[in-house]
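Chains X and V, in that order, give the protein sequences. According to my numbering, the first sequence is numbered sequentially starting from 1. According to my numbering, the second sequence is numbered sequentially starting from 1.
Hints listed in this document are in silico derivations from the structure and should not be mistaken for laboratory results. Heads up, a few of these hints could be off.
Unchecked claim - Which bits of chain X does chain V cover? Going by a derived footprint, with three or more residues having C-beta under 8 Å, they are:
{"no.": "1", "segment": "78-84"}
{"no.": "2", "segment": "92-98"}
{"no.": "3", "segment": "135-146"}
{"no.": "4", "segment": "151-162"}
{"no.": "5", "segment": "172-178"}
To be verified - Derived contacts from chain V toward chain X, CB cut-off under 8 Å, selection only:
{"no.": "6", "residue": "Lys29"}
{"no.": "7", "residue": "Ala31"}
{"no.": "8", "residue": "Met50"}
{"no.": "9", "residue": "Pro52"}
{"no.": "10", "residue": "Ile93"}
{"no.": "11", "residue": "Ser128"}
{"no.": "12", "residue": "Leu138"}
If you're wondering where the values come from, they're calculated on a predicted model, not measured in any experiment. Even for Gly, the Cβ is constructed at its ideal location relative to N, Cα and C.
2 protein chains.
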Amino acid sequence: MTVELYRLTSPVFVHNLKNLSAVMKIALKSARDRDIDPQVLLNSRLAPDMFPLVRQVQIMTDNAKGCCSRLTGIEAPVFADGDDTFAQLQQRITSTIRFIKGLKRSQFAASADDSIEMKVPIGTLYFSAQDYVNGWVLPNFYFHFTTAYNILRHNGVEVGKADFLGLVPGMSATGKIVKMMGLPQPKKNTIKKIGKKLRRKEKNEN
Amino acid sequence: MTVELYRLTSPVFVHNLKNLSAVMKIALKSARDRDIDPQVLLNSRLAPDMFPLVRQVQIMTDNAKGCCSRLTGIEAPVFADGDDTFAQLQQRITSTIRFIKGLKRSQFAASADDSIEMKVPIGTLYFSAQDYVNGWVLPNFYFHFTTAYNILRHNGVEVGKADFLGLVPGMSATGKIVKMMGLPQPKKNTIKKIGKKLRRKEKNEN
Numbered sequence: 001m002t003v004e005l006y007r008l009t010s011p012v013f014v015h016n017l018k019n020l021s022a023v024m025k026i027a028l029k030s031a032r033d034r035d036i037d038p039q040v041l042l043n044s045r046l047a048p049d050m051f052p053l054v055r056q057v058q059i060m061t062d063n064a065k066g067c068c069s070r071l072t073g074i075e076a077p078v079f080a081d082g083d084d085t086f087a088q089l090q091q092r093i094t095s096t097i098r099f100i101k102g103l104k105r106s107q108f109a110a111s112a113d114d115s116i117e118m119k120v121p122i123g124t125l126y127f128s129a130q131d132y133v134n135g136w137v138l139p140n141f142y143f144h145f146t147t148a149y150n151i152l153r154h155n156g157v158e159v160g161k162a163d164f165l166g167l168v169p170g171m172s173a174t175g176k177i178v179k180m181m182g183l184p185q186p187k188k189n190t191i192k193k194i195g196k197k198l199r200r201k202e203k204n205e206n
Numbered sequence: 001m002t003v004e005l006y007r008l009t010s011p012v013f014v015h016n017l018k019n020l021s022a023v024m025k026i027a028l029k030s031a032r033d034r035d036i037d038p039q040v041l042l043n044s045r046l047a048p049d050m051f052p053l054v055r056q057v058q059i060m061t062d063n064a065k066g067c068c069s070r071l072t073g074i075e076a077p078v079f080a081d082g083d084d085t086f087a088q089l090q091q092r093i094t095s096t097i098r099f100i101k102g103l104k105r106s107q108f109a110a111s112a113d114d115s116i117e118m119k120v121p122i123g124t125l126y127f128s129a130q131d132y133v134n135g136w137v138l139p140n141f142y143f144h145f146t147t148a149y150n151i152l153r154h155n156g157v158e159v160g161k162a163d164f165l166g167l168v169p170g171m172s173a174t175g176k177i178v179k180m181m182g183l184p185q186p187k188k189n190t191i192k193k194i195g196k197k198l199r200r201k202e203k204n205e206n
């Protein structure tokens, strides 16, 4: 019934940062194939007062490393916000993944009720660790990933929802979708377990 | 160190659906103020092969009720996808919130390792409840909220990140940001507790 804060953050960040890296590789290839200066994509925005692609990627890596740093008490690497080529952004994503993977599960010592303190330019924010992850980190992290993806879609880059979601950890399937998405089939006892649960449920309802 | 699946889903959905509702109210007002047919906004897309605003809102409500239904075993209300005015979408958001709020914490009986089965048009997907929430539900839920928000921003609707995040549950603050965002100040023992933790950490490092 319960999930560790580690499980909600570290592997989720690594999975999505890998997806971001794959999406950004497709974007660079698309720019080259269409003879577009890669900087045009990196500086694209959905509205004049929204951040461009380059900042969406930077902020997403900062969200991830900042969260892992606060939950473990381990200082995160500092990246200069001058990273502004596709190659530099890939390096930034790789460094973020390396920092997160270097933190052991046991180092995520913050309890759900522990206080998290976050300095921003005009003050300091306080949350419980749980509220920080649920109400601040995850919405922001996915916001910037989705916006990066939307900027690329809006600019004609051929990425799809499957690139955004990646190969969902632990997901298996039956039916036509197995071949289409290259998914594993479920272990036999997965289906048996579900069948048993459903039967039990039906019995309870009678 | 651990968080219930309930805590990761039910209140998170309610909070974000309320934010979505507020954002959609601003959008309707913006259309009226600028003499734009509201259907123009509802049918706007960021790319020709992406879903328009109306579908983003519909899918987001479906993500939320589908997840709560699977974690509790309680059937979710069915909404017709003909809901296609601002008023109908607000009604759909309200009905989704009502369904989710009607489920008690104790009804979220799925354990993190329980199997979740999800039928899609071309097969069936299987995950552990934890992988389902982390790798499927939350990325999809935030994807559709962010895309709805981005469609509105792209169409000149004056919403901001603060509307997207809402008043983050449990967040308090010190500094200029308190007045700016109408935030509560932290209880005294929050700061004391953090100070104590930090001192303990510094001591350990020496």
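> Measuring from the C-beta of serine 128(V) to each C-beta in chain X, is the shortest one below 8 Å?
Replying inline: holds, 6 Å
> In terms of beta carbon proximity below 8 Å, does the segment 135-146 of chain X have 3 or more residues touching chain V?
Replying inline: holds (count 8)
>> Tell me if the interface restraint on methionine 50(V) is satisfied: Cβ within less than 8 Å of some Cβ in chain X.
In response: Hint on methionine 50(V): holds, closest Cβ of chain X at ~6 Å, below 8 Å.
>> Using the nearest Cβ pair, does alanine 31(V) come within less than 8 Å of chain X?
In response: violated, 16 Å
> Can we keep the leucine 138(V) interface hint, with Cβ of chain X closer than 8 Å?
Replying inline: holds, 6 Å
>> For the restraint on isoleucine 93(V), tell me whether the closest CB of chain X is nearer than 8 Å.
In response: With a minimum Cβ separation of about 17 Å from chain X (threshold 8 Å), the hint on isoleucine 93(V) is violated.
>> Quick check: do three or more residues in the segment 78-84 of chain X have a beta carbon closer than 8 Å to a beta carbon of chain V?
In response: That given contact is violated, which follows from only 0 residues of the segment 78-84 of chain X lying within Cβ reach (below 8 Å) of chain V.
> Okay, the segment 151-162 of chain X and chain V, do three or more residues pass the C-beta test at under 8 Å?
Replying inline: With 4 residues closer than 8 Å to chain V, the segment 151-162 of chain X meets the three-residue bar; holds.
>> Given proline 52(V) as an interface hint, is its Cβ closer than 8 Å to any Cβ of chain X?
In response: violated, 13 Å
>> At least three residues with a C-beta closer than 8 Å to a C-beta of chain V: is that true for the segment 92-98 of chain X?
In response: violated (count 0)
> Should the hint that lysine 29(V) touches chain X count as held when the rule is a Cβ pair under 8 Å?
Replying inline: violated, 18 Å
>> Can you tell me if the segment 172-178 of chain X counts as covered by chain V, using C-beta to C-beta distances under 8 Å and a minimum of three residues?
In response: With 7 residues closer than 8 Å to chain V, the segment 172-178 of chain X meets the three-residue bar; holds.
Checked against the numbered hints given earlier, this structure breaks hints 1, 2, 6, 7, 9, 10; the rest are met.
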